[in-house]
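Could you slot chains B and C onto chain A? The hints should help.
Chains as they are written, first to last, in the working numbering: chain A, 37 to 326; chain B, 13 to 245; chain C, 244 to 394.
In short, the hints are calculated from the structure, not lab data.
Fair warning: there could be bad hints in the mix.
Claimed, not checked - Here are the computed lysine-lysine pairs in the BS3-like style, where the Cα-Cα straight-line distance is at most 30 angstroms:
id	chain 1	residue 1	chain 2	residue 2
1	B	LYS135	B	LYS154
2	B	LYS91	A	LYS107
3	A	LYS40	B	LYS118
4	B	LYS139	A	LYS326
5	B	LYS91	A	LYS218
6	A	LYS40	B	LYS135
7	B	LYS118	B	LYS139
8	A	LYS326	A	LYS43
9	B	LYS154	A	LYS107
10	B	LYS91	B	LYS135
11	B	LYS91	B	LYS215
12	B	LYS91	A	LYS40
13	B	LYS154	A	LYS43
Stated by the list, open to error - Covered by chain B, per the in silico footprint, the following chain A stretches (three or more residues, Cβ under 8 angstroms):
id	stretch
14	108 to 117
15	185 to 196
Treat the numbers as computed from the prediction; the structure is a model and nothing was measured.
Cβ atoms here follow ideal geometry from the backbone N, Cα and C, with glycine treated the same way.
Okay, here's what each chain looks like letter by letter:
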Amino acid sequence: MFSKLVKHEFRATARIIPFIFMVTVFLGLVHVLTVRLNLGVLSVFSLILTVLMCFAQVIIAYALVIWRYYKSMYSNEAYLTHTLPVHPSMLLWSKLLVGFVWTAASYITAIGVGFGVAAAHMFKTAGEWQNFVTGYHQILKAIGIEHSQLLMWFVIAAALLISIVLVLSEVYFSISIGSTSKMHSLGIGGPILVFLGTDMSLRILSALAALFIPLGVRFTTNASGELIGLKFVVQSMFSQVVDSLNSTGMASSSGDSGIAGIGSYLLLPVFVAALLYTASRVITRHTSIK
Amino acid sequence: MIEIQNLNKNFGTNTVLSDLSLNLEAGRIIGLLGPNGSGKSTLLKILAGLTSDYRGTVLLDGHRPGEDTKAVTSYLPEKTYLSGWMRPVDAFDYFADFYADFDRVKAAEMLKQFRLNERQPIKNMSKGMQEKLQLVLVMARKAKVYLLDEPMGGVDPATRSAILDVTLRQYQEDSIMIFATHLISDVEKIFDSVIFLGYGELKLFEDVDRIREKYGKSVDDLFREVFACSVSL
Amino acid sequence: MVNTVIQLSKIKQQYRFFRRRCRGKGETVENDFDSNTPIYLQLVKLFTIRIAGGTWIPGERVMSVRDLAVEFQVNPNTVQRALAELEREGLVYTERTSGRYITPDLDRIRSARKELTDRKVTDFVSQMRQLGYDREQWMALVEESLKTEIN
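If we strip away everything but chain A, and leave its shape as in the complex, we get (with noise of 0.2 angstroms):
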């Protein structure tokens, strides 16, 4: 039944997204082709279309996804909807899916045709793209993580991705809860209400987690500012604080550390986990369709 629901909301929902990503891309073409026959203002102009469209096609893709939900789910398609022989757990599971798909897929794209249109910019000569690579590899080094620089790309990705999800599932959860019969009489200010509460919230436990959950990325920095160095540690933000506080005058000439709390993170998943499972048995429970 699962896989029924996925397919038929990819139906619904391939009709209008994949179109915009193709506008983006489109654009994109179009840019490089100016580019190429030196069309000098056309050029810049289509340029800044090409990037206005790349972030607009994310906002309007997340705009869309979550206009499915809220369509399909509570209004008169919800007729259809939960009349389904499913569980109702899994109308939440197959759309979560479905709009994580579409929402990821614009973010590709938008990096696939900005990285596009750069290159056609900047690596015109051979000579260029060997440059970049190589400055590329310098700034790894800076870093200090020249040897891992695989599992920082792959750290980067997941954050995204953990943050769609994110994303996706407040608004769902925002969606669901504001649509049970006690909050009927606010109509779209509901969803909207318990949504700014929501984010509000987890805004605040976040950066009290990443205060004080003792694990931290520490960053050392020599007498003229530079980074000179990262590494994890498990202390957390605030004692660093407190330290720094109890060792006042001693700030060496020789350089300054810092600890930036990632214990924010380890939270994501928490949080997720508990939209998503409130969401569900909001669905399952007090479903009370107009």
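Chains B and C alone, transformed into the frame defined by chain A:
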């Protein structure tokens, strides 16, 4: 087959269903009658599983409304619930995928009888055509419970007659059909029994022939009597 | 493939009613039931007339409950009740394996016809009396109206 005990439902401060208790047997066509806002649609939504937020007991063949009951319940709401881009073939694909009891051949034939085009998107159909399509989808399923919410509102008399035909054809001895309507005089001849719902309360639940014998009145006349005071001028 | 064809023809048969109504050949659909009295009794009377008049042929199979329900647009259980009543009166019988049949007993049918006719005649006579006609007068009226009626 359908057991309802002390059903209560509020929307905020509004009480929509108040302490409702009913026992409905299989093999019957039941009319659900009441003025606008009396809770008929809400009752059907609860039976269909669209509203899980209520107090009291509701059992269909011993099960609470959920995954199992939805597989054997065919619900026709007043609203158009299909996406505008869908064509009848798409809707058939959808139903065939999720409902094991959906008869695609029968659906296609019924569609032809109603003179609808299989490939015309719903957004290009008139309201009457959309209603007919939704009726086809509901009746092409061999379900145990049929819930029809005002299937004849806004349709011409010839189509009303066709809808009654289809409903009667669909009748089976192990299934139950609940028909909510206000067009009582047109329809009362097909009911076994009727439920009068007045502002969420059960006013009457009686076999139709017994009403005719006991009161010497038609259901339509009795309805007017019972609800005369609830219509404000 | 063959199964689908058979299925399709069965379904087409069921929906022939749509076509009947749409043909516009002025087929009278007897739908004028009085909702103030039990419908099953009205059906009993209607079926009796059909049997007495020979529209339903003695010894033939009775239409299915579902078909009758659709034709008259009444509840199937009501049809069932009416047929049960007819069975009690001996106008219809059930063969356990094959279904319901109209009685082949012509005497029984004739007596049902007589009963209906007697009632009609009694009603007519009493109405004529109420209108103030005596026997000679109303007999003459009947003759006259028959002459003008095109057979």
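Results of checking the hints against the structure:
Pair hint B:LYS135 plus B:LYS154 holds up; C-alpha atoms about 27 angstroms apart against a cutoff of 30 angstroms. A hinted pair counts as satisfied when its Cα atoms are at most 30 angstroms apart, and B:LYS91 with A:LYS107 qualifies at roughly 14 angstroms. Proposed proximity of A:LYS40 and B:LYS118 is supported: the alpha carbons are some 23 angstroms apart, at most 30 angstroms. With a CA separation close to 20 angstroms, the supplied pair B:LYS139 and A:LYS326 stays within the 30 angstroms bound.
Straight-line distance between C-alpha atoms of B:LYS91 and A:LYS218 comes to about 23 angstroms, which keeps the hinted pair within the 30 angstroms bound. The suggested pairing of A:LYS40 with B:LYS135 holds, with an alpha-carbon distance near 24 angstroms, which does not exceed 30 angstroms. As the CA atoms of B:LYS118 and B:LYS139 are separated by approximately 22 angstroms, the hinted pair is consistent with the 30 angstroms bound. As the CA atoms of A:LYS326 and A:LYS43 are separated by approximately 27 angstroms, the hinted pair is consistent with the 30 angstroms bound.
Of the pairs offered as hints, the one joining B:LYS154 and A:LYS107 holds, with about 29 angstroms between alpha carbons and a cut-off of 30 angstroms not exceeded. A C-alpha spacing of about 14 angstroms is found between B:LYS91 and B:LYS135, which places the hinted pair at or below 30 angstroms, so the restraint holds. About 27 angstroms separates the Cα atoms of B:LYS91 and B:LYS215, which keeps this hinted pair within 30 angstroms; it holds. Our distance criterion of 30 angstroms between C-alpha atoms is met by B:LYS91 and A:LYS40, whose separation comes to about 24 angstroms.
About 25 angstroms separates the Cα atoms of B:LYS154 and A:LYS43, which keeps this hinted pair within 30 angstroms; it holds. Under a criterion of three residues with beta carbons nearer than 8 angstroms to beta carbons of chain B, the stated coverage of the stretch 108 to 117 of chain A is upheld, 5 such residues being counted. Counting residues of the stretch 185 to 196 of chain A whose C-beta lies closer than 8 angstroms to any C-beta of chain B gives 0; at least three are required, and the coverage claim is violated.
Hint 15 from the list above is the single one not met by this structure.
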